[in-house]
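Chains A and B, in that order, give the protein sequences.
Going by our numbering, the first sequence opens with residue 1, and the numbers climb by one from there.
Going by our numbering, the second sequence opens with residue 208, and the numbers climb by one from there.
Honestly, the hints are just simulated from the structure, not real lab data.
Worth double-checking, as some hints may not be accurate.
Stated by the list, open to error - Which stretches of chain B does chain A cover? Using the computed rule of at least three CB atoms under 8 angstroms from a CB of chain A, they are:
{"no.": "1", "stretch": "272-278"}
{"no.": "2", "stretch": "285-293"}
As the list claims (entries may be wrong) - Each pair of labels, with its calculated beta carbon distance range:
{"no.": "3", "chain 1": "A", "residue 1": "Ala-90", "chain 2": "B", "residue 2": "Leu-298", "range": "24 to 32 angstroms"}
{"no.": "4", "chain 1": "B", "residue 1": "Arg-315", "chain 2": "A", "residue 2": "Asp-127", "range": "57 to 65 angstroms"}
{"no.": "5", "chain 1": "A", "residue 1": "Ser-70", "chain 2": "B", "residue 2": "Ala-290", "range": "46 to 54 angstroms"}
{"no.": "6", "chain 1": "A", "residue 1": "Ala-156", "chain 2": "B", "residue 2": "Pro-269", "range": "42 to 50 angstroms"}
{"no.": "7", "chain 1": "A", "residue 1": "Ala-112", "chain 2": "B", "residue 2": "Leu-366", "range": "42 to 50 angstroms"}
{"no.": "8", "chain 1": "B", "residue 1": "Leu-212", "chain 2": "A", "residue 2": "Glu-155", "range": "52 to 60 angstroms"}
{"no.": "9", "chain 1": "A", "residue 1": "Glu-67", "chain 2": "B", "residue 2": "Ser-231", "range": "39 to 47 angstroms"}
{"no.": "10", "chain 1": "B", "residue 1": "Arg-315", "chain 2": "A", "residue 2": "Gly-122", "range": "44 to 52 angstroms"}
Every residue gets a Cβ at the ideal spot worked out from N, C-alpha and C, and that includes glycine.
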Amino acid sequence: MGGGSGSSGSSGESSDGVALADHPLGENLAEWPHLGPDPFEAPATLVVLDDPSCSRCAAFHQGTVAELESQYVESGDLSIAVRPYPVVYAWGEPAAHALEATLARDEAAFWALLDHYFAEQGSFNTDNVLDQTETWLGDNTDLDAAAVIDDVDSEAITSRVEATLAAGEEAGAGNITPASFAFVDGALQTSLNGSVSTSTVETALNL
Amino acid sequence: MSKRLPTRRADLRLIGRTLRLVLSIPAYAGFAVLTAWGALTAFALSQNLTLTSDLIVGGSLPLADRLVLVVEQYPFVGTNYSALDGAALLLVVSLVGANLALVTYHLREHDLSAAGSGGSLLGVALGVLGAGCAACGSALLLGVLSLFGASGLVLLLPLGGLELSLLAVLALLLSTYWVADGMRGGEIQGCPVDIGR
């Protein structure tokens, strides 16, 4: 598979060491948030596509990502980059837009809002997600919550979400979330479907 | 053979008695366990085909690491499944093992056709399709549905796709009943199968 041209994804197609910089999800990756060292410089990098409405994404973040963060991210051995990828329930799409609009203003607020979506998944639907997001941002951050919500349907935010959807599709993620792409020294090792365990990620990334 | 539905308590007792008699034979009990384990491994790995291809079958990892990757895909060992999805998957593979042991006994010992094996195949197929969180993306289910442009269909199900596992359980129970029903009048290790109609 040529760098950047083909999928190297989670649907059964073999990964063959494509470089992160040439991978569909590596393009402009610096514009999305990450935990730990620079994803392009880290010994190991996990790029995660998350849907805020997906229950297994919530389990993955609350379990595996939290464990990896304390064991490897803080020591600089692992970088975890996350991109909102709304492909599951309908409310995930406005939530992904709200995450992007929040990220444009404050990365810490992005992580907090993502945690909030995962923690309260059962309370959201397409009718209330933006109202509840505005209320939560107003109560828990210093951001202008109304401005964030006004921005949700802007061309810039929409194009960011569409860019991730297109990159995920090209990478072979399809409609499966969480979809994680494991890179060692900048080269793709494999991709992982679902809320895989910490041991699975450790083994795949030689941690 | 006419395909009756198990509607009476005696029908359920027939399933239980037949399974108990067949699985009391060590060779068939072992066969059931191995079949269930094989089905579980196939179901679990089918959710992560790229990982399987890259690092479990291919790649250069030591054998111990490959085994870790396999075991970590099982429910309750790894974290891929919720408790409910994991329990449903274990129930399906247990029924697959017991059902296939029964069908095999029927074929070998009674030299008869595999009545009810269609139900076994249907149960296995539904179990494979429904394994895991179907709403978040059961790899095989979404692949099959996308052929018909209907990959969003599973999101409309109230249990997010767990319905497929429940259908698999139903198909396997029906299949097991039909096989047991076909063994009425016979004996297993000298014990009569029939419970009375």
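For each hint, the structure was consulted:
1. Check result for the stretch 272-278 of chain B against chain A: holds, 3 residues qualifying (beta carbon to beta carbon below 8 angstroms, three or more required).
2. Given as covered by chain A, the stretch 285-293 of chain B passes the check, having 4 residues with a CB less than 8 angstroms from a CB of that chain where 3 are the minimum.
3. The hinted window of 24 to 32 angstroms between Ala-90(A) and Leu-298(B) holds, with their beta carbons roughly 31 angstroms apart.
4. Here the CB-CB span from Arg-315(B) to Asp-127(A) is close to 60 angstroms, well matched to the stated 57 to 65 angstroms.
5. Hint check: Ser-70(A) to Ala-290(B), Cβ distance near 24 angstroms, so the stated range 46 to 54 angstroms is violated.
6. Between Ala-156(A) and Pro-269(B) the Cβ separation comes to about 48 angstroms, which falls inside the hinted range of 42 to 50 angstroms.
7. Taking the beta carbon of each, Ala-112(A) and Leu-366(B) are about 31 angstroms apart, not inside 42 to 50 angstroms as hinted.
8. Evaluation of the 52 to 60 angstroms hint for Leu-212(B) and Glu-155(A) yields a pass: the beta carbon distance comes to about 59 angstroms.
9. For Glu-67(A) paired with Ser-231(B), a C-beta distance near 44 angstroms keeps the hint of 39 to 47 angstroms intact.
10. Remark: the range hint 44 to 52 angstroms for Arg-315(B) to Gly-122(A) is upheld by a beta-carbon distance near 51 angstroms.
Comparing the model with each numbered hint stated earlier shows that hints 5, 7 do not hold.
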